[in-house]
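Chemist: Taken in sequence, the protein lines are chains A and B.
By our numbering, the letter at position 165 of the first sequence is numbered 165, and the numbering carries on one by one without gaps.
Here our numbering = 1-based position in the second sequence + 208.
FYI, nobody ran anything at the bench for these hints, they're computed from the structure.
It is possible that part of the hints are untrue.
[As the list claims (entries may be wrong)] Beta-carbon label-pair distances, calculated as ranges: (1) D228/B - R27/A: 34 to 44 Å; (2) E40/A - T233/B: 43 to 53 Å; (3) V60/A - R223/B: 22 to 32 Å; (4) Q267/B - D6/A: 40 to 50 Å; (5) Q329/B - Q192/A: 40 to 50 Å; (6) E185/A - N371/B: 24 to 34 Å.
[What the hints assert, rightly or not] Partial selection, computed: residues in chain B whose CB lies under 7 Å from chain A: (7) R237; (8) A245; (9) W269; (10) L338; (11) L341; (12) L349; (13) V352; (14) H353; (15) D356.
[Stated by the list, open to error] Here are the simulated EDC-like pairs of lysine to aspartate or glutamate, each with C-alpha atoms no more than 20 Å apart in a straight line: (16) K374/B - D356/B; (17) K374/B - E26/A; (18) K374/B - E7/A; (19) K374/B - E11/A; (20) K374/B - D6/A; (21) K374/B - E79/A; (22) K374/B - E47/A.
These numbers come from a predicted model, not from an experiment.
Don't be surprised by glycine CBs; every beta carbon is placed ideally from N, CA and C.
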Amino acid sequence: MNPAPDELLLEERLPWYVNGSLGPEERAWVDQMLARSPAEGARLERERALARTVVSGAAVAAQDIGLERVRAAIRQSREKPATASRKGATGRWDWLFSPRLAVAMAAVIVVQGAGIAWLSTRGTTADDGLRSVPVTDMRTLRVRFVPGATEERIRTALQAAGARIVGGPNLVGEYWLASPMTSVEEMRSSLQASGLVGSMEADPLGPH
Amino acid sequence: MSPIDEGEVHRLFARVREADEAAFTELHRLVARRVFAFAMRRVQDEHLAEDVVVNTMLQVWNSAARFRGESRVCTWILGIARIKALEAMRTREPQHADIDDYADVLVAEGGDGESALERWQVARIVRGCLEELSAVQRECLHLVHYEDLPLADIAAVQGVPENTVKTRLFHARRNMRSCVEREGACT
Numbered sequence: 001m002n003p004a005p006d007e008l009l010l011e012e013r014l015p016w017y018v019n020g021s022l023g024p025e026e027r028a029w030v031d032q033m034l035a036r037s038p039a040e041g042a043r044l045e046r047e048r049a050l051a052r053t054v055v056s057g058a059a060v061a062a063q064d065i066g067l068e069r070v071r072a073a074i075r076q077s078r079e080k081p082a083t084a085s086r087k088g089a090t091g092r093w094d095w096l097f098s099p100r101l102a103v104a105m106a107a108v109i110v111v112q113g114a115g116i117a118w119l120s121t122r123g124t125t126a127d128d129g130l131r132s133v134p135v136t137d138m139r140t141l142r143v144r145f146v147p148g149a150t151e152e153r154i155r156t157a158l159q160a161a162g163a164r165i166v167g168g169p170n171l172v173g174e175y176w177l178a179s180p181m182t183s184v185e186e187m188r189s190s191l192q193a194s195g196l197v198g199s200m201e202a203d204p205l206g207p208h
Numbered sequence: 209m210s211p212i213d214e215g216e217v218h219r220l221f222a223r224v225r226e227a228d229e230a231a232f233t234e235l236h237r238l239v240a241r242r243v244f245a246f247a248m249r250r251v252q253d254e255h256l257a258e259d260v261v262v263n264t265m266l267q268v269w270n271s272a273a274r275f276r277g278e279s280r281v282c283t284w285i286l287g288i289a290r291i292k293a294l295e296a297m298r299t300r301e302p303q304h305a306d307i308d309d310y311a312d313v314l315v316a317e318g319g320d321g322e323s324a325l326e327r328w329q330v331a332r333i334v335r336g337c338l339e340e341l342s343a344v345q346r347e348c349l350h351l352v353h354y355e356d357l358p359l360a361d362i363a364a365v366q367g368v369p370e371n372t373v374k375t376r377l378f379h380a381r382r383n384m385r386s387c388v389e390r391e392g393a394c395t
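Just chain B, with the same shape it has in the complex (with noise of 0.2 Å):
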């Protein structure tokens, strides 16, 4: 993911600490993708995801003028949507993604013939090795490998210890490479 303008998010945060509507909405289409990105890790339905950023990003407006500046806007927004995600997993029992669903993403990356359909099963392997893992460790791969966050602020968007992160992550990976060897696939 392209990184985003942090000193960006930060000028329209100002303004929409002063309850200003469009820098809300310049600050929503900056940042609403990467909610739904995350969003969708969790509950994995994208309804479920849509509702997540809805209620995230009203937090954001609403409670804008009491963020007290400990961490990175981006990073606040990402614990809120934690919160929502969780919140939302409740009203619902999680779906699974259909494989089938990534065709289209791999028959768009074009290619021909056998290597295109090796290229596929291998992606096809590891994203299916990645829905395997629990969500709290899929969420952790997702915020150091998408959004490029550090350890602290992985920390804080999940509410947990540094060391649990790296616990976390541990595991994650570890899961990662045994099911990538037991479905056999070379990355």
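Same shape as in the complex, but just chain A (with noise of 0.2 Å):
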């Protein structure tokens, strides 16, 4: 036999009578309706038992828990962009500073950045094997590529992973891939071992 409605409507709203979170019509209404009969109550006594369990069985940390962690991490993110603007840097890490490097890595992003432009102009042709998806309708990967990466071993990873490239760069040089073919679980294991991508993180908002 099937319950009642009202079965099935207290059944619902006993957890949140014990939480504290109902309205309270709806309160004075389960009221009403355990007043009913004492089977009623030890219904009430099972959720009562259930949150307690939950409660008890909770996992139990120190306040501090992460704290040092992430204090080193926000100084950390403070500090990059003061050292990297910093002048007449001395020291083991010179090389970092010298304009001979910024001139490589600045032709390396060029390079990069064209040919991943060039990729994300021409990512729904038919010989892509790619159908024409709104970005919405996929899920999303912001990734970094590593600076030795190619336009064409980006192109060859991109299509190993069914993935192309719908947004970016940002300021930090991450482009959006999806797929509309692929999970992203799919797509990233796919770009992983491909060793073309030095940051990979799921960013189901999409380029924006």
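Make one complex out of these two single chains by using the hints.
Modeler: Below you can see the structure in the form of structure tokens.
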């Protein structure tokens, strides 16, 4: 026999009754239902027991858990721009600030950027085997390619992953990739295997 | 879990939006334990759960200025934690907690003889059943009974319609009941 609608509704509302988040009207209705018979009271007690189990079984940690690591990461992100703009740095990291390296890096970025821009404009042609699908219908990854990645190698890797570029680069040189055919997981593992991606993060919101 | 002081969270968060590091430290101390407990429901690994706390709080710091106030701050933070936990899960297979881990908790509850043993056994069974639930069902029960969140907030954290939350909760409670009955414990 199927339970009466009132019983189903009571069952549905009991968790919120126990956690105290029901509105006054719904709460009064549950009170009324519970007063009908001892069986309903037992049902309430069962829900409370479950609540106690959930609370007592929860993992416990110190209030400072992870705090030092977060602070260190914040400090690091603040120091990075300061270090990069520092003039007259000395020591074994001098080469990082040398004009020659800056020119070389700029050249890599220009070549890579041009190639990637070209790829992103032609990503939906039939010979790629990719359908033209709105970005919002797909799952997206935000990636940064390694400095030595050439346009040709990136194109091969994207084809293997069934992915195409749908946005970017942003201020830190990241691109958004999407795939209408494969899952984010498949896309991620395929790109990881290519060795061309320095950082990669799922980004359900897509380019923004 | 003792209820969180929402007013205090909002006051601190307003300062965090102005990049006040001292306020961020205080906010971290208020919410990090909750983020950890929540993450543990899904990742079931203390180190991974700590990573989730770190990544979540970093994102809170970095995105605070972009928070539009469409939900409570705590709900927003738990929503971030959920995404970070999902990302963390991709890096490692889920590991199940050893049921013996609960022994020290139960011993600390005190009591003696058969009644203590019986309580220990019942608690062990119920907690074991909780571990058998799917991650989303466990997470749902956590949000209801540990965070005491209303239905709309849980839907926001899990990124699903309210009816989906109701369905998940319905199945979670039904699975708990049948598991407990199967194991022969009375709660």
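Chemist: With reference to the structure, classify each hint as holding or not holding.
Modeler: Each hint tested on the structure:
| no. | hint | result |
| --- | --- | --- |
| 1 | D228/B - R27/A: 34 to 44 Å | 39 Å, holds |
| 2 | E40/A - T233/B: 43 to 53 Å | 47 Å, holds |
| 3 | V60/A - R223/B: 22 to 32 Å | 28 Å, holds |
| 4 | Q267/B - D6/A: 40 to 50 Å | 44 Å, holds |
| 5 | Q329/B - Q192/A: 40 to 50 Å | 46 Å, holds |
| 6 | E185/A - N371/B: 24 to 34 Å | 27 Å, holds |
| 7 | R237 | 4 Å, holds |
| 8 | A245 | 4 Å, holds |
| 9 | W269 | 6 Å, holds |
| 10 | L338 | 6 Å, holds |
| 11 | L341 | 11 Å, violated |
| 12 | L349 | 5 Å, holds |
| 13 | V352 | 5 Å, holds |
| 14 | H353 | 4 Å, holds |
| 15 | D356 | 4 Å, holds |
| 16 | K374/B - D356/B | 15 Å, holds |
| 17 | K374/B - E26/A | 16 Å, holds |
| 18 | K374/B - E7/A | 15 Å, holds |
| 19 | K374/B - E11/A | 10 Å, holds |
| 20 | K374/B - D6/A | 16 Å, holds |
| 21 | K374/B - E79/A | 47 Å, violated |
| 22 | K374/B - E47/A | 15 Å, holds |
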